[in-house]
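All chains should be modelled from the sequences, with the hints used to inform the complete structure.
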Amino acid sequence: MISLSRPSALKAGLPPGTPIYTGGQTETEINISIVDYDKEKATFLTSQKIEDCALYKDKSTVTWINIDGLHHVNLVEKLCSCFELHPLTVEDILNTTQRPKVDVFDDYVYLVLRMHHHNEETGEINSEQVSFVLGKTFLLTFQETAGDSFDSVRIRIKQDKGRIRKMGTDYLAYVLMDSIVDNYFTVLEKVGEDMEVLEDELVEKPSTETMQTIHFMKREMILLRKSIWPLRDMVSSLRRDEIPQISPDISMFLNDLYDHTIQVMDTIETYRDMISGMLDIYLSSISNRMNEIMKVLTLFAAIFIPLTFIAGIYGMNFNAEKSPLNMPELGWYYGYPFALGLMAVVGVGMLIYFKTRKWF
Amino acid sequence: MISLSRPSALKAGLPPGTPIYTGGQTETEINISIVDYDKEKATFLTSQKIEDCALYKDKSTVTWINIDGLHHVNLVEKLCSCFELHPLTVEDILNTTQRPKVDVFDDYVYLVLRMHHHNEETGEINSEQVSFVLGKTFLLTFQETAGDSFDSVRIRIKQDKGRIRKMGTDYLAYVLMDSIVDNYFTVLEKVGEDMEVLEDELVEKPSTETMQTIHFMKREMILLRKSIWPLRDMVSSLRRDEIPQISPDISMFLNDLYDHTIQVMDTIETYRDMISGMLDIYLSSISNRMNEIMKVLTLFAAIFIPLTFIAGIYGMNFNAEKSPLNMPELGWYYGYPFALGLMAVVGVGMLIYFKTRKWF
Amino acid sequence: MISLSRPSALKAGLPPGTPIYTGGQTETEINISIVDYDKEKATFLTSQKIEDCALYKDKSTVTWINIDGLHHVNLVEKLCSCFELHPLTVEDILNTTQRPKVDVFDDYVYLVLRMHHHNEETGEINSEQVSFVLGKTFLLTFQETAGDSFDSVRIRIKQDKGRIRKMGTDYLAYVLMDSIVDNYFTVLEKVGEDMEVLEDELVEKPSTETMQTIHFMKREMILLRKSIWPLRDMVSSLRRDEIPQISPDISMFLNDLYDHTIQVMDTIETYRDMISGMLDIYLSSISNRMNEIMKVLTLFAAIFIPLTFIAGIYGMNFNAEKSPLNMPELGWYYGYPFALGLMAVVGVGMLIYFKTRKWF
Amino acid sequence: MISLSRPSALKAGLPPGTPIYTGGQTETEINISIVDYDKEKATFLTSQKIEDCALYKDKSTVTWINIDGLHHVNLVEKLCSCFELHPLTVEDILNTTQRPKVDVFDDYVYLVLRMHHHNEETGEINSEQVSFVLGKTFLLTFQETAGDSFDSVRIRIKQDKGRIRKMGTDYLAYVLMDSIVDNYFTVLEKVGEDMEVLEDELVEKPSTETMQTIHFMKREMILLRKSIWPLRDMVSSLRRDEIPQISPDISMFLNDLYDHTIQVMDTIETYRDMISGMLDIYLSSISNRMNEIMKVLTLFAAIFIPLTFIAGIYGMNFNAEKSPLNMPELGWYYGYPFALGLMAVVGVGMLIYFKTRKWF
Amino acid sequence: MISLSRPSALKAGLPPGTPIYTGGQTETEINISIVDYDKEKATFLTSQKIEDCALYKDKSTVTWINIDGLHHVNLVEKLCSCFELHPLTVEDILNTTQRPKVDVFDDYVYLVLRMHHHNEETGEINSEQVSFVLGKTFLLTFQETAGDSFDSVRIRIKQDKGRIRKMGTDYLAYVLMDSIVDNYFTVLEKVGEDMEVLEDELVEKPSTETMQTIHFMKREMILLRKSIWPLRDMVSSLRRDEIPQISPDISMFLNDLYDHTIQVMDTIETYRDMISGMLDIYLSSISNRMNEIMKVLTLFAAIFIPLTFIAGIYGMNFNAEKSPLNMPELGWYYGYPFALGLMAVVGVGMLIYFKTRKWF
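Residue numbers (UniProt numbering), protein chains in the order written: chain A, 1 to 360; chain B, 1 to 360; chain C, 1 to 360; chain D, 1 to 360; chain E, 1 to 360.
These are computed hints drawn from the structure, not numbers from a lab. Every residue gets a Cβ at the ideal spot worked out from N, C-alpha and C, and that includes glycine. It is possible that some hints are incorrect.
Which bits of chain E does chain A cover? Going by a derived footprint, with three or more residues having C-beta under 8 Å, they are [claimed, not checked]: (1) 258–272; (2) 278–284; (3) 299–311; (4) 314–321.
As a list, the in silico DSS-like pairs of lysine-lysine whose alpha-carbon atoms are at most 30 Å apart [stated by the list, open to error]: (5) 295(B) - 295(C); (6) 355(D) - 295(C); (7) 355(A) - 295(C); (8) 166(A) - 101(B); (9) 59(A) - 158(A); (10) 322(E) - 322(B); (11) 355(C) - 358(D); (12) 78(A) - 166(E); (13) 166(C) - 78(D); (14) 355(C) - 205(D); (15) 161(D) - 136(D); (16) 322(D) - 322(C); (17) 190(B) - 226(C); (18) 295(E) - 205(B); (19) 205(A) - 355(E); (20) 39(E) - 78(A); (21) 295(A) - 205(B); (22) 190(C) - 226(D); (23) 295(E) - 205(A); (24) 358(D) - 295(B); (25) 39(A) - 78(B); (26) 57(A) - 41(A); (27) 166(B) - 78(C).
Structure follows, in C-alpha cells:
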C-alpha cells in the first residue's frame with residue numbers, strides 16, 4: 001500500500017526552517033553520485049564525502065549530484081550550506097511529506113515531486129520523495145533510499161545519446177522528471193492489469209477478498225491522486241512562470257511533460273470511476289447470489305409446508321369408532337395411496353405454479 | 001468495448017522524443033494516399049513509397065498525404081524527417097494513447113484526436129488515434145489502420161463540391177475534423193438506440209445480463225468522455241490562439257466545430273446521467289421482484305403454520321380412557337369435520353387479515 | 001417525455017453547411033406570417049410564398065417574419081438566400097438539435113433556443129427549436145411546427161401596447177425570447193404540481209408506478225436542464241459582447257431576461273435535488289414496508305414453532321405400558337388441559353417477550 | 001416548510017414590465033411607515049396614504065419608507081411612479097419569487113433579498129421577499145406582510161444609538177440588510193437545535209417519523225440554500241461595483257456583511273453534509289435493528305426445527321409387533337426420558353454452537 | 001467532538017459593531033502576557049491590568065500582547081480602544097464563531113483563525129478562535145482560554161534562537177500562525193492513528209459502535225474542513241495583497257505557510273475519502289455477516305423440513321387392517337430402519353447438493 005504520508009507532526013513547536021528528517025529511518029550509508037559533463041566529456045564519481053561536491057559548485061560544466069539517504073541529516077545539511085540553500089529548502093528536502101511544488105529562489109529553483117514504485121512482492125505501491133535543486137550549472141537531487149529510475153539517464157549521458165550532453169541543467173532536470181512521470185505509467189499499467197484480473201474475478205467468483213481488494217485499490221487511487229494532482233500545477237507553473245534557471249529552449253519539452261502528467265491524471269480519474277463501478281457490480285452480484293439462494297430455499301420450504309400439513313391431518317387421532325364422520329379416509333381401501341397422491345398433486349401443482357410465475 | 005488506452009509504459013526509461021509505436025501490431029502494408037489540388041485541378045495518388053511524398057512538400061498547391069498503418073515505424077519516421085517534424089511530434093504520432101491536443105511549432109501545427117467506430121458485429125466502440133500535421137501547403141494525416149470516414153471528403157474534392165477546392169490546408173483540416181466529430185454523433189446515436197432497448201428490457205425482464213450491459217455502457221461512456229473532453233479544449237485553443245497556419249477566414253467554421261464538440265459532450269453527460277438512473281431502476285426493480293417473491297412465500301408459510309399446529313394438537317396421544325378431559329374432541333361425532341372446519345376458518349381468516357392490511 | 005434530442009447522425013459525411021432538416025417530418029403546409037410596423041402603423045400578413053418576404057428586406061420599418069414548418073427545406077433555403085444568410089446559419093436553422101447559442105455575423109445575429117410545452121394529454125413536455133435571425137431592420141423566426149407562445153406579442157403590436165412599437169428589432173427579439181423563457185415557468189409550475197401530487201402518493205401508497213414516475217421526472221429534469229443550461233451563456237453573451245445589432249438601450253431588459261434564465265436554472269436544480277430526495281424516501285419507505293411485513297410474519301412463525309413442537313412431543317408413541325416413565329402425562333387426568341395450557345403459556349409468554357423488546 | 005417559491009407562471013404571455021403580484025393574497029390593509037431623520041432630529045410616521053410619501057422625495061434628509069402588503073398593487077404602483085421607478089423594478093418588487101440581486105439604475109439601486117422566519121408553532125421556516133430601492137436621499141423597502149426584524153433599527157434611529165443618524169441611506173440599507181442576515185443565524189440556530197434533538201432520536205429510537213423529519217430538513221436546507229446562495233453574489237457585487245449611491249465609507253461594513261453571508265452559506269453546507277450523514281445513520285440503524293430481529297427469530301426457528309423433527313420420528317407408527325427392529329425405543333423403559341434428553345442435548349448443543357460463532 | 005460553531009444568533013437585532021462575547025462562559029481570570037523585544041533584549045511580563053499594555057503601544061520595539069479569556073468583555077474592549085481598533089474588529093474578536101479571514105485597516109491588519117487541540121481524555125477535537133491584530137510595532141493575540149501552542153515561540157524569543165529577534169511583528173505573526181498550522185498536523189496525525197485502529201476493527205469485529213465512530217469521524221472532518229478551508233484563502237490573500245504591515249521579506253515564509261495549509265487541506269480531503277470508503281466497507285461487511293448467518297440457518301431449515309415431512313408421513317394413522325395398501329411399510333420387518341435410512345439419504349443428498357452449488 002502507498003503509506004499514507006503522515007502529516008509532519010514531529011515538527012510542531014519547532015521554529016520554521018528547522019531541518020528534521022521525517023521519513024523512515026534506514027541504516028544504510030549515504031550515497032553520493034556525481035556526474036559532471038559538457039559536450040566534450042563526462043565524469044562519473046561515487047563518493048561518501050560531501051567535500052567532493054563542493055569542488056563542482058562553480059564549474060561551468062553541468063554537474064549532477066544525486067544523494068540517496070536523507071537520514072544522514074548532518075551530511076545533507078552540510079551539502080546544502082555548501083550550495084548556500086535557504087533554510088526553508090533544507091527543511092523541505094528533509095521533510096519527506098511534501099506536496100509536489102516549485103519554489104523559485106534567487107540562485108536556484110527548488111522542485112519536489114514523488115516517485116512511485118510497484119513492489120512486485122507485496123503488490124503494493126511504494127512512494128518516495130525526490131527533491132531537485134536546479135542551479136545554473138548544477139543540479140542536486142535528493143532521494144530517500146537508493147534505487148531509482150535514473151539509470152537510463154546516466155547511460156544516456158555516458159553514451160552521449162540524444163541531445164542531453166549538448167543541453168544545460170534545466171534539460172537534465174526535465175529528463176529526470178520525465179523519467180519519473182514515465183514511471184507513473186508503469187505503475188498505472190500494473191494497476192490496470194490488476195483491475196482486469198479483478199473484473200474477471202467479480203464475474204466468476206466474488207468473495208469478501210474481492211471487496212477488500214476493490215477497497216484497497218480505491219484507496220491506492222486516492223493516495224496516488226493526492227500525490228500526482230499537485231504535480232500538474234507544478235509543471236504548469238514551470239511552463240508559465242518565467243524562471244531564469246529554465247531557458248525557453250526547453251519549453252516545448254515542458255509542454256510535453258505537462259501533457260504526460262495530464263494523461264496520468266486522466267488515467268487515474270478513469271480508474272477511480274471504474275473502481276467505483278466495480279464496487280457497484282460487486283455489491284449487486286453478491287446480493288443477487290444471496291437472493292438466489294434464499295429464493296430457492298424458500299421455494300423449497302414453501303413446497304414442503306403444505307405436504308407436511310397433509311401428513312399432519314392424517315396423523316390426527318379422531319376416533320373412527322365413535323362416528324363414521326371421523327376420518328373415514330383412514331379406513332378406505334385406497335386411503336394411503338390417496339393421501340400420497342394428494343401430496344404429489346399439491347407438490348407438483350405448486351412447482352408448476354412457481355415455474356409459471358418465473359420464480360425459479 | 002473501447003479498449004482502455006493503456007498508459008505508454010513501454011516508453012519508461014527511454015529518452016524523450018524516442019519514436020516507439022504503442023498501438024496494436026497489425027501485419028498490413030503501409031498505405032499512403034496523396035491528394036493534391038488547387039482551384040483548377042486535383043490529383044489522386046496511392047503509393048507505398050515515402051519518396052513520392054517528398055515531391056509535394058514545397059508545391060504551392062494543397063497537398064494532403066494520408067498514412068494508414070503506424071506500425072511501419074521506419075517509414076513513418078522517414079516521412080516525418082522529410083517534412084522536418086520535431087522529434088516530439090514523431091513520438092506523439094506513434095504513441096497512440098495521446099489526449100487530443102494542439103502543439104504549435106514554427107513550421108506546422110500538430111493536432112491529435114481520436115476517431116470512434118461502432119463495431120456492428122461485437123457491439124463495441126473501437127477507437128483509433130488520428131494525427132494531423134498542418135503546414136502552409138501540406139496536411140499530413142496519420143491513422144492506425146485503414147478504413148476511415150474521410151471518403152466523403154475525397155469525393156467532395158474530386159467533384160469540386162462546396163468551397164473545399166477554393167480554400168487552403170486549414171479548411172481541409174477543419175473538414176476532416178468535422179467529419180470525425182460528425183462520426184461521434186453516429187456512435188452516440190447507436191448508443192442511444194441501445195439505451196432505449198435496454199430501458200424496455202429493464203421494465204419487462206431485468207436480469208443479471210441487464211446489469212452487466214448497464215455497467216458496460218457506463219464504462220463506455222467513461223472512456224468516450226475521457227477521449228472527447230480534451231477535444232473541446234483543443235478546438236477552443238484553435239479558435240482562440242492566433243496560429244499562423246490557420247487563417248481567420250475559417251474561424252466561423254471552427255466556431256461551428258466547437259459547437260458540435262460541446263453538443264457531443266452534452267449528449268455524453270446526459271447519457272451518463274441516464275445510465276446512472278437506469279442502474280437505480282434496475283437495482284430497485286430487482287429488489288422489488290425479490291421482495292414480492294419472498295412476501296408471497298412467507299405469507300404462504302404463515303398460513304400453513306397454524307394449520308399444521310392444529311393438526312399437531314389432534315395428533316397428540318392423550319389417553320381419553322383415563323380421563324374424560326383428555327381430548328374429548330377425538331370422540332365427538334362431528335370431531336373430524338370440526339377440526340377441518342377450524343382449519344378452514346383459521347386459514348381463510350388469516351387470508352382476509354393479510355388482504356385487509358394490503359400485504360398481497 | 002422530452003424526446004432526447006438525437007445527435008444529428010444524418011449529417012455525418014456531408015460537407016459542412018449542407019442544409020438538412022433533422023426534425024420530425026410533418027405533412028403540414030409551410031406557414032409564413034409577416035408583421036411590419038413602426039411607430040405609426042402595423043401591417044399583418046399571412047402567406048405561403050417566400051417572394052412576399054423579399055419585399056420587406058430593405059424597408060426601414062421593423063419587419064418580423066415567422067416561419068412555421070422547417071420540413072419545407074427548399075422554401076426555407078430560398079428565404080435564407082434572399083436574406084443572404086451564411087450556409088452555416090441555414091444548416092443550423094434546419095438541424096433542430098442545436099444547443100442554444102449566439103452566432104454574430106456581419107449583417108445579422110443568429111440566435112437559437114428551445115421552446116417547451118407541457119402536453120396536457122400525455123403529461124409529457126414537448127420541445128421545439130426556435131431560431132432567430134436578427135438584422136438591423138428585420139427579424140426572422142423559424143419554428144418546427146405551428147402553435148407558439150408569440151400570440152400575445154402580436155396582440156401587443158396590433159394594439160400598440162407598451163413600448164414595443166417604439167423600439168427596434170432587437171427589442172422585438174428580446175420580447176419574443178422573454179415570452180419563451182416565461183413559458184419555462186409555466187412548464188416548471190406544472191412539474192411542481194406533479195411533484196406535490198407525487199409526494200403525497202409517496203407517503204400514502206408508494207408503488208412501482210411511483211418509482212417509474214420519479215424516474216421519469218428525473219429524466220425530464222436532466223433533459224430540461226440540458227436545453228436550458230446553455231441558454232444562460234447565450235443571454236450572458238448577448239449582454240456582454242458588443243453586438244452592433246443590439247442597441248445599448250435594451251441592455252436593462254437583457255439583464256432582466258438573464259435573471260429569469262438564472263431563476264429557471266435554480267428551480268430546475270432545486271427540483272433535481274428534491275426528486276433525488278423523493279427517490280431516497282421511496283426506496284426507504286418501500287423497504288420499511290417490506291420489513292414490517294417480514295417482521296410480523298416471522299414473529300408469527302416464531303410463536304407457532306414451539307407450540308407445534310409441544311404438540312409433536314405429545315404425539316410421540318412411547319409405550320406407556322412398557323414403562324411408567326413413558327409419557328405419563330398422556331394418562332394424567334388433566335393431561336390434555338395441561339398440554340393446552342402449556343402451549344397457551346408459552347405462546348403468550350413469547351408475545352410478551354417480543355412486545356417487551358419492541359419487536360412489533 | 002419554506003414554501004417552494006413557485007415560478008411566476010402567471011406572467012407568461014404578458015409584456016415585460018407588467019406589474020403583477022405573485023405572492024399569497026392577504027386581506028390586510030397596506031401599511032406605510034415613514035422614518036425621516038438627520039443628525040439633529042428624527043420623525044416617525046405611519047400612514048395608509050401614498051401621498052404622504054411624495055412629500056419626502058426630494059428632502060435632503062434620510063427618508064426611509066417601508067411598505068407592508070404588496071397585494072395592494074395599485075398603491076404600490078402609485079408609489080413607484082411617484083419615485084419614478086423603472087417598470088422592470090416595479091415588476092420585480094411585485095413578483096415575489098425573485099432571486100437576490102442588485103440592479104443599478106441611473107437614479108437608484110434596486111436590491112432584493114429574502115427574509116426567513118422560524119415559525120414557532122408549525123416548526124416551519126417561512127420566507128418573504130424584501131425589496132430595497134436605494135436613492136441618494138430615500139430608501140424604500142417593500143415587504144409582503146407586516147412583521148419584520150427591523151424594529152431594533154427603528155429604536156436605534158429613535159434613540160440615536162451608534163452611528164446610524166450620522167450616516168446616509170446607504171448605511172441604513174446596510175443596517176437593514178445586516179439585520180436580515182443576522183436573522184438567518186437565528187433561523188439556523190433553531191435548525192441546529194432541531195438537528196441535535198434528531199440525532200439523539202436517531203440513536204435512541206429511530207422511526208419512520210425520524211426519516212420524514214430528516215427528509216424535511218434536507219428539503220428546508222435545499223430551499224434555504226437556494227435563496228441564500230445568490231445573496232453572496234449580490235453583496236459581493238455591492239462591494240465590487242462602483243455604485244454611485246453607495247459611498248466608499250461603508251465598504252468596510254459591506255465586507256463585514258459579506259463575511260456574514262459566507263458564514264451563513266458555510267453553516268448551511270455543513271448542515272447539509274450532516275443531514276446526509278444522519279440519513280446514512282438512520283438507514284443503517286434501521287437495517288441493523290431489522291437484522292437483529294430477523295437473526296434472533298431465525299436462530300429461534302433453527303433450534304426448534306430439529307427438535308420437532310425428533311418428536312416427529314417418535315410419532316411414527318411403525319408396528320413394533322411385526323418386527324423387533326421397528327422403533328424399539330418406544331418400548332424401552334427409559335424411552336421417553338431418552339427422547340426428551342436427546343432433544344435437550346440437541347437444543348443446548350445448537351445454542352452453544354451459535355454462541356461460539358457469535359451469532360447472537 | 002468539535003463543537004459545531006453555532007451561528008451567532010445572540011447578535012440578531014443589535015447594531016453592527018456591538019461587542020458581544022459569543023463563546024463559552026468560563027470563570028477564570030483574564031490573563032495578559034506581554035513580550036517586548038528587539039535585537040538587544042527581550043522583556044517578559046504577565047499582568048491582569050490593561051494599563052500595562054498601553055505603555056508599549058508606541059514603543060519602536062516589537063511588542064506582543066497575548067490575552068487569554070475573552071469573557072472579560074470590558075477589559076478586552078478597553079484594550080481595543082487603547083489600541084484604537086475599529087468597532088467591527090472588536091466585534092469580530094469577541095464573536096468566537098468567525099471564519100478565518102484577513103481585514104486590512106489603515107493602522108493594522110486583523111487576522112482570525114482557529115486553533116485545534118486533540119483532547120486526550122475525551123478523544124474529541126476542541127477548537128478555539130485566535131485573533132491577531134498586527135500593527136507596525138505591536139501584535140495583539142486574543143485567545144478564548146489559557147493554554148496554547150505558543151510556548152515554544154516564547155522560548156525561542158527568550159533564547160534568541162533563529163531569526164525571530166531580528167525580525168519585525170509580521171515575522172512574529174507568521175511564526176505564531178505557523179505553530180497553529182503545525183498543530184493541525186498533530187491533530188490530523190491523531191485522527192490518522194484513530195483511523196488505522198478503526199480499520200483493523202472493521203475487518204475483525206464490526207459493531208454498531210464502529211458505525212458510530214465512523215460517523216463521528218466523518219463529522220469531525222466536516223467541521224475541521226469548514227474551519228480550515230477559508231484559512232487557505234486567508235494565507236493566500238496575505239501573500240497576494242500588498243499589505244503595508246507585512247514586509248516583502250517574509251513572503252517566502254508565507255509561501256511556506258501556504259504550502260502547509262494546502263497540505264492540511266489535502267490530508268483532510270484524503271481522510272474524508274477514506275472515511276467514506278470505510279463506511280462502504282462497514283455496511284458491506286455487516287450485510288455480508290448477516291447474509292452468512294441467514295444462509296446457514298436457512299440451509300439448516302431446508303434440510304430438516306423434508307425429513308420432518310417423512311416422519312409426518314409415517315405418523316399418519318391409516319388403518320392397515322382395512323386394506324393391505326394402507327401404509328404397509330409400518331408392518332415391514334425393516335420398516336423403521338428403512339424410514340431412518342430414507343431420512344439419512346435425503347439429508348445427506350441435500351447437503352451434497354448444496355455443497356455442489358457452493359451454497360456454504
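Tested hints:
no., hint, verdict
1, 258–272, "holds (count 8)"
2, 278–284, "holds (count 3)"
3, 299–311, "holds (count 7)"
4, 314–321, "holds (count 5)"
5, 295(B) - 295(C), "11 Å, holds"
6, 355(D) - 295(C), "23 Å, holds"
7, 355(A) - 295(C), "27 Å, holds"
8, 166(A) - 101(B), "29 Å, holds"
9, 59(A) - 158(A), "19 Å, holds"
10, 322(E) - 322(B), "27 Å, holds"
11, 355(C) - 358(D), "25 Å, holds"
12, 78(A) - 166(E), "24 Å, holds"
13, 166(C) - 78(D), "24 Å, holds"
14, 355(C) - 205(D), "15 Å, holds"
15, 161(D) - 136(D), "22 Å, holds"
16, 322(D) - 322(C), "17 Å, holds"
17, 190(B) - 226(C), "20 Å, holds"
18, 295(E) - 205(B), "26 Å, holds"
19, 205(A) - 355(E), "15 Å, holds"
20, 39(E) - 78(A), "27 Å, holds"
21, 295(A) - 205(B), "17 Å, holds"
22, 190(C) - 226(D), "20 Å, holds"
23, 295(E) - 205(A), "17 Å, holds"
24, 358(D) - 295(B), "28 Å, holds"
25, 39(A) - 78(B), "27 Å, holds"
26, 57(A) - 41(A), "17 Å, holds"
27, 166(B) - 78(C), "24 Å, holds"
The structure shown violates none of the earlier numbered hints.
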